[in-house]
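K.L.:
So you can see what is in the structure, the chains are spelled out below.
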Amino acid sequence: GQNIDQPTEMTATEGAIVQINCTYQTSGFNGLFWYQQHAGEAPTFLSYNVLDGLEEKGRFSSFLSRSKGYSYLLLKELQMKDSASYLCAVRWGMGAGNNRKLIWGLGTSLAVNP
Amino acid sequence: NAGVMQNPRHLVRRRGQEARLRCSPMKGHSHVYWYRQLPEEGLKFMVYLQKENIIDESGMPKERFSAEFPKEGPSILRIQQVVRGDSAAYFCASSPQRQQNEQFFGPGTRLTVL
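Line by line, the protein sequences are chains R and E.
With my numbering, you'll find the first sequence wraps up at 114, consecutive numbering, no jumps.
With my numbering, you'll find the second sequence wraps up at 114, consecutive numbering, no jumps.
Think of the hints as simulated: they come from the structure by calculation, not from any bench.
Owing to the predicted nature of the structure, the values given are computational and were not obtained by experimental measurement.
Treat each hint with caution, since some may be false.
As the list claims (entries may be wrong) - Partner residues are not named here, just some residues of chain E that face chain R (Cβ under 10 Å, in silico):
hint, residue
1, Asn7
2, Glu41
3, Lys44
4, Tyr48
5, Gly59
6, Glu102
All C-beta atoms, glycine included, are put in the ideal place defined by N, C-alpha and C.
Let the sequences and hints guide you as you build the complete structure.
P.N.:
This is the structure we're talking about:
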């Protein structure tokens with residue numbers, strides 16, 4: 001199957017750094033996305049990785065290792081407003097239909113404490 | 001540039017009624033995706049459409065569910081003879097034709113079946 005695994009919950013302290021991991025099946029991989037979703041709201045895009053390495057965007061960075069089927073989202077200088085669910089999503093396949101569909105992990109609920 | 005719009009935001013139906021959920025993609029976007037999110041669960045892909053075409057409906061239940069994206073007007077997700085298990089948040093996302101990365105999400109329609 002196209003399993004995506006990420007931790008269910010994490011807790012961190014305001015001002016700290018937290019790393020949220022995501023593992024996935026590598027066959028047919030065609031890109032990995034991280035989204036943030038606050039309770040009762042729509043997911044919002046954070047990052048996209050298709051090549052190995054680190055993509056940095058302000059306080060948020062995302063890393064990908066295609067050979068290991070592994071990604072992480074790194075959040076620095078945590079703020080209370082970062083308390084949310086973080087969703088890892090993978091795109092598989094290269095066909096006209098498959099290259100658009102995203103398969104989603106269950107999300108990691110991050111609680112930032114003062 | 002208005003974002004993805006969905007209406008209604010909240011919809012209450014009794015068992016056996018029909019539910020119609022509408023999605024207007026961002027201006028210039030010709031690709032629409034529908035996702036369902038059950039309480040405490042991840043986003044599940046349902047269907048991917050372009051104007052007047054269903055590209056991938058592998059996530060749609062075989063019965064009672066249908067989707068369309070006509071040449072004019074919004075995309076419609078239709079659920080006939082709703083049951084309590086259909087209660088969920090239904091999100092629509094859109095992407096532009098040439099950009100194969102980020103999908104932009106609407107605010108969602110929260111369907112409650114009594």
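K.L.:
Next step is simple, just say for each hint if it's right about the structure.
P.N.:
Hint check results:
1. Among the interface hints, the one on Asn7 (chain E) is violated; its C-beta lies about 14 Å from the nearest C-beta in chain R, farther than the 10 Å criterion.
2. Taking 10 Å as the C-beta cut-off, the interface hint given for Glu41 (chain E) holds, the closest approach to chain R being about 7 Å.
3. For Lys44 (chain E), the shortest C-beta to C-beta distance to chain R is roughly 7 Å, which falls under 10 Å, so the interface hint holds.
4. The interface hint given for Tyr48 (chain E) is met, as the beta carbon of that residue sits about 5 Å from the closest beta carbon of chain R, less than 10 Å.
5. Interface restraint check for Gly59 (chain E): the shortest CB-CB distance to chain R comes to about 8 Å, inside 10 Å, so the restraint holds.
6. Interface restraint check: Glu102 (chain E) against chain R, minimum CB-CB distance 5 Å, threshold 10 Å, status holds.
Checked against the numbered hints given earlier, this structure breaks only hint 1.
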